[in-house]
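Undergrad: Please dock the two separately framed chains into a single complex, following the hints provided.
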Amino acid sequence: MEEKEIITTPDELQEYFINMGPQHPSTHGVLRLLVSLRGEMVQNVQPHVGYIHSGIEKMCESITYAQIIHLTDRMDYISAHINNEAVCLNVEKALEVDIPDRIKVIRTIMSELTRIQSHQLWWACFGMDLGGLTCFFYGLRDREKILDIFEETCGGRMIVSYNCPGGLMYDIHPNFQKRVKEFIKYFRKILPEYDQLLTGNVIFHERSKGIGKLTKEDAISYGVTGPTGRASGFSCDVRKHEPYSAYDRVQFKEILLTEGDTFSRYVARIDEMWESMKIIEQLIDNIPEGPFAVKMKPVIKLPEGEYYQRVETARGELGVFIISDGNKNPYRVKFRSPNFSNLSVLNHIAKGFKIADLVAIGGSLDLIIPDIDR
Amino acid sequence: MDKTQLGEFLKSINKDLEIKEGKQYLEVTVPPSMLYQLARQLREKKEAQFDYLFCITGVDYGVDLGVIYHLRSTLYDQAVVLKTRTSDRENPLLDSVADIWRTADFHEREVYDLIGIKFRNHPDLRRLFLDNSWGFPLRKDYVDDINIVTK
Chain B
5 MEEKEIITTP
15 DELQEYFINM
25 GPQHPSTHGV
35 LRLLVSLRGE
45 MVQNVQPHVG
55 YIHSGIEKMC
65 ESITYAQIIH
75 LTDRMDYISA
85 HINNEAVCLN
95 VEKALEVDIP
105 DRIKVIRTIM
115 SELTRIQSHQ
125 LWWACFGMDL
135 GGLTCFFYGL
145 RDREKILDIF
155 EETCGGRMIV
165 SYNCPGGLMY
175 DIHPNFQKRV
185 KEFIKYFRKI
195 LPEYDQLLTG
205 NVIFHERSKG
215 IGKLTKEDAI
225 SYGVTGPTGR
235 ASGFSCDVRK
245 HEPYSAYDRV
255 QFKEILLTEG
265 DTFSRYVARI
275 DEMWESMKII
285 EQLIDNIPEG
295 PFAVKMKPVI
305 KLPEGEYYQR
315 VETARGELGV
325 FIISDGNKNP
335 YRVKFRSPNF
345 SNLSVLNHIA
355 KGFKIADLVA
365 IGGSLDLIIP
375 DIDR
Chain A
668 MDKTQLGEFL
678 KSINKDLEIK
688 EGKQYLEVTV
698 PPSMLYQLAR
708 QLREKKEAQF
718 DYLFCITGVD
728 YGVDLGVIYH
738 LRSTLYDQAV
748 VLKTRTSDRE
758 NPLLDSVADI
768 WRTADFHERE
778 VYDLIGIKFR
788 NHPDLRRLFL
798 DNSWGFPLRK
808 DYVDDINIVT
818 K
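For the protein sequence lines, the chains are B and A, in the order given.
According to this note's numbering, the first sequence is numbered sequentially starting from 5.
According to this note's numbering, the second sequence is numbered sequentially starting from 668.
Chain A with its partners taken away, still in its complex shape (with noise of 0.2 angstroms):
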């Protein structure tokens, strides 16, 4: 399978998806609402079989909060690349794809701890590094009052 075929393939799963050809990977943007189906058709479909979920990383982006999820499939060595965003920064909501992936157990709750993403349906979400009284240090609003980290 080479790139084409995965668009194609992503297209015939949803037509409306928003597909990128970034310099590495197939970039697919997706609303909050459809990354949890998205994501176990991804797992599950036999054309596809993305099972090693690799890094998932949450971004400040300003104004908007995003998870990005690096896939790769180990039976066609093909990767994608998911993206979500959502515009609540009072109380960032997304779902968890933990009981698809295992990893992301830990990796959700880091992005939790960091920028303060809550995940829906996560098994154990708590902070992981930090204190409950912490705020969430990747937010680019982050006051650093200690002066960890000087400009």
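Just chain B, same shape as in the assembly (with noise of 0.2 angstroms):
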């Protein structure tokens, strides 16, 4: 018999490739990674989506304004209260419609415990994502208080579509004040918990700190924005560059920092709950009497023309593109969602460290799925 030579190469030269997802509880949704390692190096990632794809762009061709506000809570369903002010604001600037002080500090309330409560989840599932699984204990029994206040007064918990064109849907509940003033005084004594649990730990520094850095000029050109963005000193911040509801009324800091690591955007969110929580202060107490609608026409048709709004969701910019043709539904809807652009730089950042620390830089980057494949 004759004997075959057989070549064998050192483990840590071949190439080979490991499917991350799409059913993969790290990857926080049905995202597919298509790894390609050397040893345990990432070499490449690709991102495969689409797994979810509900075409929402397509949809929003045929219904009406006040229909599109109810899809666009389940594009960032953590972030819903924002994108759904997104569109009502939008077709409030087409029709050039006055909104009341009520209406804008109630908004600006929602969206900022709306904020909180996205980064109360992505704290918590970040450290798990990294092996603490009791910041998700302590993550989640926080958020549900902020989920009760958001059940008592919109009906809803997470899909609030507590907005409607001109307004809000119904007015706020007459606990409201008390009960977010009562959160903010429990969880001004929390956060503090937060640290000593996760940001102190000299392990979760091992793992975070230096990995997956992200340069200002690449954040720019991949168009990261959100706290991703600003933890690399990208001051993308919408809220403060073209304030709307009652943002310009309020006195916040944009959380700005330069390392551009897993760590930095760790601590760009926690100082934003931080920074949040200061907004809502301002505003909890000095809630405008009014109506808490504008009268709208039945069925609203915006005059032709395009109309672009951003907003800052909890994941950075989120843009509403809607060109009119005077129809009552649009000829075409375009959203600009965040993690979309925040997805397309993973490749880019977690290109030659180990295949662990690419579990804590995608939890870095708080990808929500179906806003990606929306």
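No lab work stands behind these hints, which were simulated from the structure alone.
Worth double-checking, as some hints may not be accurate.
Using 35 angstroms as the maximum straight-line C-alpha spacing, the simulated DSBU-like pairs for lysine-lysine come out as follows [unchecked claim]: (1) A:LYS713 to B:LYS305; (2) A:LYS750 to B:LYS108; (3) A:LYS687 to B:LYS299; (4) A:LYS712 to B:LYS244; (5) A:LYS785 to B:LYS332; (6) A:LYS712 to B:LYS220; (7) A:LYS750 to A:LYS682; (8) A:LYS750 to A:LYS690; (9) B:LYS97 to A:LYS713; (10) A:LYS713 to A:LYS690; (11) B:LYS220 to A:LYS807; (12) B:LYS97 to A:LYS785; (13) A:LYS807 to B:LYS305; (14) A:LYS670 to B:LYS332; (15) B:LYS332 to A:LYS713; (16) B:LYS185 to A:LYS670; (17) B:LYS355 to B:LYS332; (18) A:LYS690 to B:LYS62; (19) B:LYS62 to A:LYS713; (20) B:LYS220 to A:LYS670; (21) B:LYS217 to B:LYS193; (22) B:LYS301 to A:LYS670; (23) B:LYS62 to A:LYS807; (24) B:LYS62 to A:LYS785; (25) B:LYS217 to A:LYS712; (26) B:LYS257 to A:LYS785.
Here the structure is a predicted model, which means the values were calculated and not measured.
TA: Written out as structure tokens, the structure reads:
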């Protein structure tokens, strides 16, 4: 029998592929990452998306503006209220409707509550991704308190649909102010506990510091916004640059860091929760009296033209671009979703790190998949 | 830099440009052949530095297919809109701007996937969400045979 020569290459030189997802706990949704590895080192990450594509942009072309709002809830379902607000602001801007202060203030408070609960959920999951299961219980325990406030006022917990063109669906619940104040008081005490649990943890530092560095130039070029972009020093807070609702009358800091690694993305979000609480405290005692909605025509028709509205969701800049031909349905709607651009940077920053770091980097981008597959 | 200065700057690049003052942004319509060069100039010229491409939208105008680029200069906090359209529905081909702004890589793949506009010199032009056997759903003449979206 002839003997064949077996050629062997050392394991660490062989390139091989691993499918991470579509059903993987750390991708936080139906996202498939095709990871090319050499040993433990990541060579290339190819995101495959579209598993839950819902065709929202196409559906929008056959429904009315008031109906679109309920679809935007399903995009980035963790910051549903802010998505709703974006569409409403755009429609109101196109129709040149004056919105009373009461609506603006309530919208801003709700947006900031949404941001806090989104960051809480992110913190919970990020801790869990890195092996700290306690974080998950802490984060969800506190998030529940905000969801209860939402439930009382909006009826929904996550998918709130509280906005409508011209204002709000219904007035705030009589308990709203009291419960929000209670929550802020409670959370100001609790948030330092988050730091004790995770921020100062040595293992956490080892896992996150210097991992997945993103420079400011790359952040701008890739269109990375939100806390992820600001951790790299890209000043992209729409609340500061193009204030909408009541953001022009409150004092808050735009959190800007320079390192751009996983740890600074973490710090950016923790600091944002403090800033959000500041904003709510400035507004909660000064909700002006007035109507909770402006009377609008039953069938809303936008004048012919193009309208673009940017808002700052918990994950970055959401843009709603409406092209109207004067009918009751939009001609074309485009949602520029923050997660879509944030995902595109993953390959760039994960290259050269270990596969375990990919979990940390992916977690720090805070991806919500329905927002990508919108 | 304000809108009038930006308009003058755009005129200085090419005086034949079709510039319109939109409701929010300055809108520039360019033929596909000029798009790439203008984009490069907007990115690189010292006076403009449009370094942040925040939205690419593919639009089906009925006869023509078009792409709308929203650009922003983080240095001057100024925005501009580039528009281009092609009448070739069978094989629409535009120049890719993915080497100027990296975010265009994903956004152009999305436009290709849903509208069917191909981009020349794109690093990796594959369909993003859908299978190769699908049509292009955001076109107005797309036949929706399983009634996902009914009118």
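Undergrad: For every hint, state whether the structure bears it out.
TA: Results for each hint:
no.: 1; hint: A:LYS713 to B:LYS305; verdict: violated (42 angstroms)
no.: 2; hint: A:LYS750 to B:LYS108; verdict: holds (33 angstroms)
no.: 3; hint: A:LYS687 to B:LYS299; verdict: holds (33 angstroms)
no.: 4; hint: A:LYS712 to B:LYS244; verdict: holds (27 angstroms)
no.: 5; hint: A:LYS785 to B:LYS332; verdict: holds (31 angstroms)
no.: 6; hint: A:LYS712 to B:LYS220; verdict: holds (19 angstroms)
no.: 7; hint: A:LYS750 to A:LYS682; verdict: holds (17 angstroms)
no.: 8; hint: A:LYS750 to A:LYS690; verdict: holds (15 angstroms)
no.: 9; hint: B:LYS97 to A:LYS713; verdict: holds (33 angstroms)
no.: 10; hint: A:LYS713 to A:LYS690; verdict: holds (26 angstroms)
no.: 11; hint: B:LYS220 to A:LYS807; verdict: violated (39 angstroms)
no.: 12; hint: B:LYS97 to A:LYS785; verdict: holds (34 angstroms)
no.: 13; hint: A:LYS807 to B:LYS305; verdict: holds (20 angstroms)
no.: 14; hint: A:LYS670 to B:LYS332; verdict: holds (32 angstroms)
no.: 15; hint: B:LYS332 to A:LYS713; verdict: violated (43 angstroms)
no.: 16; hint: B:LYS185 to A:LYS670; verdict: violated (43 angstroms)
no.: 17; hint: B:LYS355 to B:LYS332; verdict: violated (47 angstroms)
no.: 18; hint: A:LYS690 to B:LYS62; verdict: holds (25 angstroms)
no.: 19; hint: B:LYS62 to A:LYS713; verdict: violated (39 angstroms)
no.: 20; hint: B:LYS220 to A:LYS670; verdict: holds (26 angstroms)
no.: 21; hint: B:LYS217 to B:LYS193; verdict: holds (32 angstroms)
no.: 22; hint: B:LYS301 to A:LYS670; verdict: holds (34 angstroms)
no.: 23; hint: B:LYS62 to A:LYS807; verdict: holds (10 angstroms)
no.: 24; hint: B:LYS62 to A:LYS785; verdict: holds (20 angstroms)
no.: 25; hint: B:LYS217 to A:LYS712; verdict: holds (28 angstroms)
no.: 26; hint: B:LYS257 to A:LYS785; verdict: violated (43 angstroms)
This entry does not satisfy hints 1, 11, 15, 16, 17, 19, 26, going by the numbered hints stated previously.
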